[in-house]
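**Student:** First to last, the sequence lines map onto chains D and G.
When we follow the UniProt record's numbering, the leftmost residue of the first sequence carries the number 1, and every step to the right adds one.
When we follow the UniProt record's numbering, the leftmost residue of the second sequence carries the number 1, and every step to the right adds one.
You may find that some hints are simply not true.
For chains that are exact copies, the list does not tell them apart, and a pair is met inside one copy or across any two.
[As the list claims (entries may be wrong)] Distance condition first, Cα-Cα at most 30 angstroms in a straight line; then the derived DSSO-like pairs of lysine-lysine:
#1 280 x 373
#2 48 x 308
#3 280 x 160
#4 265 x 355
#5 308 x 355
#6 160 x 355
#7 280 x 355
#8 355 x 248
#9 248 x 48
Treat the hints as calculated values from the structure; they're not laboratory data.
If you want the building blocks of each chain, they are given just below.
Protein chains: 2
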Amino acid sequence: MFRKKETKVTHLYPDCALLTDLYELTMLQSYFDCGMNEPATFELFVRKLPAQRNFLMAAGLELVLDYLCDLRFTDVRLEMLARTGRFSAAFLRSLESLRFTGSVYAMAEGTVFFPDEPILRITAPLREAQLVESRVMNLVHYSTLVASKAARCVLAAPGKQLVDFGLRRAHGAEAGILSARASYLAGFSGTATLQAGLDFHIPMFGTMAHSFVQAHQDEGEAFEHFVRSQPENAHLLIDTYDTEIAAKKVVALSKRLAAEKMTIKGVRIDSGDLSIHAQKVRCILDEGGLDAVTILVSGNLDEWRIEKLVHAQAPIDGFGIGTRMNTSADAPYLDCAYKLTQYAGRPRRKRSEGKATLPGVKQVFRTHGAEGKLAWDALVLEDERHAGVPLLQPVMIDGQRLCDRLTLDVMRQHAQRELLSLPERIAALNPSNEPYRVDISERLVDLARELDSMQSAH
Amino acid sequence: MFRKKETKVTHLYPDCALLTDLYELTMLQSYFDCGMNEPATFELFVRKLPAQRNFLMAAGLELVLDYLCDLRFTDVRLEMLARTGRFSAAFLRSLESLRFTGSVYAMAEGTVFFPDEPILRITAPLREAQLVESRVMNLVHYSTLVASKAARCVLAAPGKQLVDFGLRRAHGAEAGILSARASYLAGFSGTATLQAGLDFHIPMFGTMAHSFVQAHQDEGEAFEHFVRSQPENAHLLIDTYDTEIAAKKVVALSKRLAAEKMTIKGVRIDSGDLSIHAQKVRCILDEGGLDAVTILVSGNLDEWRIEKLVHAQAPIDGFGIGTRMNTSADAPYLDCAYKLTQYAGRPRRKRSEGKATLPGVKQVFRTHGAEGKLAWDALVLEDERHAGVPLLQPVMIDGQRLCDRLTLDVMRQHAQRELLSLPERIAALNPSNEPYRVDISERLVDLARELDSMQSAH
Numbered sequence: 001m002f003r004k005k006e007t008k009v010t011h012l013y014p015d016c017a018l019l020t021d022l023y024e025l026t027m028l029q030s031y032f033d034c035g036m037n038e039p040a041t042f043e044l045f046v047r048k049l050p051a052q053r054n055f056l057m058a059a060g061l062e063l064v065l066d067y068l069c070d071l072r073f074t075d076v077r078l079e080m081l082a083r084t085g086r087f088s089a090a091f092l093r094s095l096e097s098l099r100f101t102g103s104v105y106a107m108a109e110g111t112v113f114f115p116d117e118p119i120l121r122i123t124a125p126l127r128e129a130q131l132v133e134s135r136v137m138n139l140v141h142y143s144t145l146v147a148s149k150a151a152r153c154v155l156a157a158p159g160k161q162l163v164d165f166g167l168r169r170a171h172g173a174e175a176g177i178l179s180a181r182a183s184y185l186a187g188f189s190g191t192a193t194l195q196a197g198l199d200f201h202i203p204m205f206g207t208m209a210h211s212f213v214q215a216h217q218d219e220g221e222a223f224e225h226f227v228r229s230q231p232e233n234a235h236l237l238i239d240t241y242d243t244e245i246a247a248k249k250v251v252a253l254s255k256r257l258a259a260e261k262m263t264i265k266g267v268r269i270d271s272g273d274l275s276i277h278a279q280k281v282r283c284i285l286d287e288g289g290l291d292a293v294t295i296l297v298s299g300n301l302d303e304w305r306i307e308k309l310v311h312a313q314a315p316i317d318g319f320g321i322g323t324r325m326n327t328s329a330d331a332p333y334l335d336c337a338y339k340l341t342q343y344a345g346r347p348r349r350k351r352s353e354g355k356a357t358l359p360g361v362k363q364v365f366r367t368h369g370a371e372g373k374l375a376w377d378a379l380v381l382e383d384e385r386h387a388g389v390p391l392l393q394p395v396m397i398d399g400q401r402l403c404d405r406l407t408l409d410v411m412r413q414h415a416q417r418e419l420l421s422l423p424e425r426i427a428a429l430n431p432s433n434e435p436y437r438v439d440i441s442e443r444l445v446d447l448a449r450e451l452d453s454m455q456s457a458h
Numbered sequence: 001m002f003r004k005k006e007t008k009v010t011h012l013y014p015d016c017a018l019l020t021d022l023y024e025l026t027m028l029q030s031y032f033d034c035g036m037n038e039p040a041t042f043e044l045f046v047r048k049l050p051a052q053r054n055f056l057m058a059a060g061l062e063l064v065l066d067y068l069c070d071l072r073f074t075d076v077r078l079e080m081l082a083r084t085g086r087f088s089a090a091f092l093r094s095l096e097s098l099r100f101t102g103s104v105y106a107m108a109e110g111t112v113f114f115p116d117e118p119i120l121r122i123t124a125p126l127r128e129a130q131l132v133e134s135r136v137m138n139l140v141h142y143s144t145l146v147a148s149k150a151a152r153c154v155l156a157a158p159g160k161q162l163v164d165f166g167l168r169r170a171h172g173a174e175a176g177i178l179s180a181r182a183s184y185l186a187g188f189s190g191t192a193t194l195q196a197g198l199d200f201h202i203p204m205f206g207t208m209a210h211s212f213v214q215a216h217q218d219e220g221e222a223f224e225h226f227v228r229s230q231p232e233n234a235h236l237l238i239d240t241y242d243t244e245i246a247a248k249k250v251v252a253l254s255k256r257l258a259a260e261k262m263t264i265k266g267v268r269i270d271s272g273d274l275s276i277h278a279q280k281v282r283c284i285l286d287e288g289g290l291d292a293v294t295i296l297v298s299g300n301l302d303e304w305r306i307e308k309l310v311h312a313q314a315p316i317d318g319f320g321i322g323t324r325m326n327t328s329a330d331a332p333y334l335d336c337a338y339k340l341t342q343y344a345g346r347p348r349r350k351r352s353e354g355k356a357t358l359p360g361v362k363q364v365f366r367t368h369g370a371e372g373k374l375a376w377d378a379l380v381l382e383d384e385r386h387a388g389v390p391l392l393q394p395v396m397i398d399g400q401r402l403c404d405r406l407t408l409d410v411m412r413q414h415a416q417r418e419l420l421s422l423p424e425r426i427a428a429l430n431p432s433n434e435p436y437r438v439d440i441s442e443r444l445v446d447l448a449r450e451l452d453s454m455q456s457a458h
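Isolated chain D (complex conformation) (with noise of 0.2 angstroms):
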């Protein structure tokens, strides 16, 4: 278990009670004026699949349970707020006692989902549940579109070591502490994100740039130096100049070395066709007696990069995979939303033009066939019996966590048999034709229709 003290240090944006929409906040003036203040139940869930998806994994829950917890207007940010000169004086002091009391359902993290299907559900005092819509998604929406997208670099690369290189150009800070955590979720082996990796425990990878390389006058000059400064550790850049007249420089250099018992632990291959330089770079350094000695590439690589390279049976042990797959490049965003479904015990529905929702409070029930490979999911009402394994599952009463912080570990095994429990056509690449199957209970569809009925009668 995470010692909660140790994992807080920044891996969330502090005191962000006002990281929300402002309409959150003028929405909650007018609650405030009317009375308004019955449970309400909003629910989390994605409207479709990307074009080139089969499945999503949800993650990002920890962090949402967190900020839930942590929530509270303190006296800097009500100033800011009165400064603004929407608000009454009485809401600002409403605000001032303000904590999350609600209850939380939610899937797992590291769970496979798939659209409609809530993958978190929030019961709370509407102004509670209404003003943490921004942040909660933001959240969850991130969390689980690199973590989908991670998977599929996973399920590319089977046995390989993955690691995520993408602080540089995550969007923000915070995008790049979050896609360290996600990706580790699904499957990576580790990040090169210092910090992400000191907050969450995650394994840290790293080699040098090519910088390193060129700011010394000679190459070889430049692996002596970073071997002598890392031996447990070097991983060396061999594309500044030319890649295979380095990987002998590395050769020459681990005969000179291993006298003094250093050793060079891999080499990294940024640029160029990786397939052709992997395979001459290991002849070479076999040739040389290093087989223990790695083959790690890079360079915008995404699942389809990775699964030409492993089809092709590059011999390469590593990925390291940045950009890509951390702004989930071919799919930058998730048709996400965050809908009250119910409002003081009545179930609620939105009709928009091609955005309509389902009512009520709901439940997703999932059944395994053979081999433990996932069947078929069941979309119902919360209080209706169905067969298979409920997926969202209780985490927070009362405002308060109903159990011990899972580490990162225990999520990332429960995302591997997640993985292998996929049936092979919704783990390819490729689009199914046969998307997987969801459910829809009658009582549900009965329940839209009536809420319609009802509301066309106005």
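Add chain G to chain D, keeping to what the hints say.
**Tutor:** Frame of chain D; chain G shown alone:
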């Protein structure tokens, strides 16, 4: 001018010396061990334009300067580093006193630029210049990505109000904050993200969510509650059930509230055919005497959809633009790099296949043509004389800012002038057959050739 104290509440991730790639610090350990710390120059540039683009807009400089000014290794961070067991005690002690003491030359935020042109150039002792790579890129890449995308939305909708609605699907908290800033810089009117508006003094906008309407039994009652709470600033969302019926409710409500001197500012439509709905709603509002009530539309908008709506002369006053803008959905990353171009007075170059860089410390000169339109740029060595305006200007020397912080509004005016100076083919949304001309000086080409032959001789 911003008052420094006020603007630095949360907008940068705090205490971020370790918000970097592990390899920056292992390289520093090695530079420390072999005593390398001569002046190094790194340049940040974009290798090529995304497929659909004709130009980019530089952004993020002020954030970089803040980061460089604040950079230090606190005791907490040094202890974290020590616990990794990867660094020597002597090296860790050297980090205690490390500050950024170098110089920065950069294009002003809001400046239009093109491939291969450095937008930021850092010269500092090697260790400092290397250490800052990851975070400098992280800040400049994302800010530039968003400003460049937002600028296209601005060009597509002359005279319209554009508002950033994107927090919920931004890639983490900092992306939400930074995209509000970058889109305002590029010409947006404001943001819905409360914390960003407060941190950067950006005008804030907000309407209401569907859940607000749904939480009420009656849509008309929801509208009335909201107007009574926001009597000076009510924007009503009218597509929860039936857009035109809701517009009629707005007219009826407005008549009833007129006696109490409350007015409705605007309506928002978020689904369906926005052009057709806007026309019908405009008619209903006008016939009801509400020609001052504005129409804002939202829902998966980007520059192409905006252009189409503007071209159809839909009676739309403003656009709420979120996800596709702040994830830069057609191009969620830029092919940018931060490369060593000179060390210890000697020009450097990497020759990796497909990723070769131009050596030496460089400057960009811009020549304007008729009516102040951009004509062509020249990429030259810093000591070359050339006609035109030098775009890289000193902003920090010896670790000290050269001038007061610019306000975001001043930068925004610069960005507006830049967009007005674009030739028509470059300002167009579709990629031009004739890209903008960027010449590379003969001396620069000669220097690259000379370094190649020296390297080959090794």
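**Student:** Work down the list of hints and note, for each, if the structure agrees.
**Tutor:** Right, here's what the structure says about each hint:
no.: 1; hint: 280 x 373; verdict: neither (40 angstroms within a copy, 51 angstroms between copies)
no.: 2; hint: 48 x 308; verdict: both (27 angstroms within a copy, 25 angstroms between copies)
no.: 3; hint: 280 x 160; verdict: within (19 angstroms within a copy, 58 angstroms between copies)
no.: 4; hint: 265 x 355; verdict: between (53 angstroms within a copy, 25 angstroms between copies)
no.: 5; hint: 308 x 355; verdict: between (38 angstroms within a copy, 21 angstroms between copies)
no.: 6; hint: 160 x 355; verdict: between (41 angstroms within a copy, 26 angstroms between copies)
no.: 7; hint: 280 x 355; verdict: between (54 angstroms within a copy, 20 angstroms between copies)
no.: 8; hint: 355 x 248; verdict: between (60 angstroms within a copy, 22 angstroms between copies)
no.: 9; hint: 248 x 48; verdict: neither (51 angstroms within a copy, 33 angstroms between copies)
In summary, the numbered hints that this structure violates are 1 and 9.
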